[in-house]
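*Asks:* Next come the chains, spelled out residue by residue.
Protein chains: 2
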Amino acid sequence: MENKPKVTIHDIAEKLNITASTVSRALNNNPRISELTRKAVLKTAKQLNYQPNNIAAALRHGKSHIIGIIVPTADRAFFSSVVRGIEDMANNLNYKVIICQSYDNYEKEIQTIDALLSARVDGIIASIGKNTENFDHFKRIQAKGIPLVLFDRTTDALEVSQVMIDDYLGAYKVVEHLIQQGCRRIAHFTSPKKVSIFKERLRGYADALRDYDIPYDEELVVKSNLQLVDGRESMEQLLKLKVRPDAVFSASDYAAMGAMQVLKENKFRIPQEVALAGFSNDPFTSFTDPALTTVDQFSMTMGKKTAEIFFEQLKSGNKTAVPQKVVLKPELIIRESSLKSGT
Amino acid sequence: MENKPKVTIHDIAEKLNITASTVSRALNNNPRISELTRKAVLKTAKQLNYQPNNIAAALRHGKSHIIGIIVPTADRAFFSSVVRGIEDMANNLNYKVIICQSYDNYEKEIQTIDALLSARVDGIIASIGKNTENFDHFKRIQAKGIPLVLFDRTTDALEVSQVMIDDYLGAYKVVEHLIQQGCRRIAHFTSPKKVSIFKERLRGYADALRDYDIPYDEELVVKSNLQLVDGRESMEQLLKLKVRPDAVFSASDYAAMGAMQVLKENKFRIPQEVALAGFSNDPFTSFTDPALTTVDQFSMTMGKKTAEIFFEQLKSGNKTAVPQKVVLKPELIIRESSLKSGT
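Quick mapping for you: the protein sequence lines, in order, are chains B and D.
The first sequence runs 181 to 523 under our numbering.
The second sequence runs 181 to 523 under our numbering.
Hints are supplied without guarantee of correctness; some may be wrong.
[Unchecked claim] Label pairs and their calculated CB-CB ranges:
1) B/Gly325 - D/Ser201: 25 to 35 Å
2) D/Arg383 - B/Gln417: 33 to 43 Å
3) B/Gly497 - D/Thr188: 20 to 30 Å
4) B/Thr481 - D/Asn272: 37 to 47 Å
5) D/Leu421 - B/Asn209: 50 to 60 Å
6) D/Asp476 - B/Thr481: 31 to 41 Å
7) B/Leu519 - D/Glu453: 25 to 35 Å
8) B/Leu419 - D/Gln227: 48 to 58 Å
9) D/Ala337 - B/Asp469: 35 to 45 Å
Because the hints were derived from the structure by calculation, they are not lab data.
Positions of the beta carbon are idealized from the N, C-alpha and C atoms, including for glycine.
Model the full assembly from the supplied sequences, consistent with the hints where possible.
*Replies:* Below, the structure written as C-alpha cells:
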C-alpha cells in the first residue's frame, strides 16, 4: 500500500508559481479567478493526485457538497429514475449524491438520517417509508438548519417543500378508462398504510366509480403490502367471490403482475374476462404478456424538479419562507392488459 | 424550525445519576457496561433526543461506523440484492451503509470515491464500472488505510479481496444446456469492455462449443453495451445473416429481452426456432412470455460473503496479509425460452 506525503494546495501553488490562496479560490470556483487559472489548477491538482481535505473544509465552511437521498428501495425503477434526475442536476452544480435505503423500515429510516447527518451532508432529499407514521427524525434534519425536500411519498405533517404526482388524477384516469372499456366490477389493490399516495389513489378510484354511477363495493377493495406475492393472494381472494371482478386496478405494478400470474394460471383471458392495470410504469410492465396498462409518473422530471427546489433552498441559506408543493400530472399508458377494442 | 441547545452525554448522565464516561461507554457498546445500564442509557438518550456528534467522534476515533458501497446502478436487481446482503450484516454489527452510483461512468466513479472518503466512511465495498480501465482512484482508498473489497465486477489489477461468481461456469452451463436442446448455431451477446465478467462468460461460451465440437463462428458473437436496445439491434443484425442462429445466449438479461421482442415481432417461435437465454436472473425474467432461461448469481449470498470479508478486514485493522478471492458457483435456471422438450 502506498503512503506518500499528502499533496497540499501549496504544492499546486508552487508548481504553477501562484499563491496558495489563488489555488484555494480556484478549487472553490470563486468567480474572481479566471477560467484559464482555474483549469490550470484543476489539471495540476489531478496530476499531483491532490485530494481536498473535505472533512476539514466541511467543518470550516459547513459545506461538504454532498447531498443525501433517502429512498425506500433504490431498486424500484421509479425511485432510481428520480435519483438519476436529482444526480444529473447535482453533478452539474458540482454536488455529489449519496443514497441510503430505508427498506420501508421505520427504525432503519431513523438510522439512515443519523448516517447522513454524520456524513455531514449539506441537505437531504427523501421519500418516506410506507410504515412511517411519526416524523420526528425528519424534524431533526430541519433542526440542523439544512434543507429537506420530500418527493413522492410525502406528508403534510412536516413544514417542508414536496414534489409529488397527482396520484388522485392518475387513479381516476385508470378507472375511467376501465369503465370506458365496459368494466363494471372493478377491484382495487391498495395499502393499509398512512402514506398519502395510496390514499389518493383509492380516492381517485372511488370518485371515478361514483362519477359513473357504479357502486363502491367494500369487498372489491383489497389491502396488502402490494408486493408481487400480495397481488397473487389478493387475486386468489377475489376469485373466490360469488361474482368475480371484471377488472383489477392495482396501486402497484408488482401486485398487478401477481394478479396477472394468477389469472393466467387459472386460464382467464386478459383483458376480455378480467382487465388489468397497475401504477408506476415500471420497465417490466412493457415486457409482460399481455403488456400491462399503467400510469407513468415522469420520474426523471420529478427528480429534476425536486433538485431544483432543493438547490433554491440551499442557495438561499435554507431561508425559503413558504414551503412549496409541486404536483406533477401523471400519464395513463394504455396497453393490451386493459384494451378490449376488437373483442 | 427548532433550535434547542444540543443535548450532550452530560445531560443523560445527570438524568440517570451516573458518570458521563459510563454513558459514553454504554453508547459505544463497551462490554464492561451492564446490559441494564446500556438499555437505560439508550432509552434516556432517545427521550432527550440525544444525537451523537459522530463527526467529532469520527475525527477522534477515526470511526464513523459508516460503510460506503459503490455500484454501477442500484436499480439492477442483482446489485440491489447484493447491497441488501451487505446491509443485513452491517446493520447487525451496528454499521450504516451509504450507496453511490457510478453509472458505469469513469469520471463519476472517481467522484463517488471522493464523496465517500469525504463522508469519512470506515471502508468501501465496490463493483467496478464497465468503462473503467485505470484503477488509481481505488488505490487512493487503500492509501487511506481503510478496507476495500470488490464484488462481481472486479479486477486483478488491484491487490484486494474480491467476491465473484464463476461466470465461466455459468456461461458454460447455459451453452451446454442449449446444445443438449439440439441447438447448433448459438449466438452470444457480449461486451467489448475489459470487465472480467464478460470475458469469463465469453470464455465459457467458447469452451462449451469446443467441448461439443461446434465451431466458434466470429459472426455469431455480437458486442454491445448489453442494454435492452442493444439486444434488439444485435438480434436484428443476426437475423440478417445468411444462416440465422438457432439460439442466443446473452451475457445480460436485458439484452436477451431485447432479442425476445425482436423475435416475437418477427413471428419466430421461441424456443422452437430460436432458443434464448440470459444471465443474472433479474426478477423480470420470470414475468416474460416465454419466461427466460438465465443464470442465478446468488446475489444475497454474494453480499453476505463480501460483508464478511470486509468486516474481518476492518476488525484486523485492515492488516489482512493476503487478499482473498472467493468464487461462488452460479445456478442455471431453465425456463420455457430454451426448453424444447415435447416439441
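*Asks:* What are the numbers of the hints that this structure violates, sorted from low to high?
*Replies:* 2
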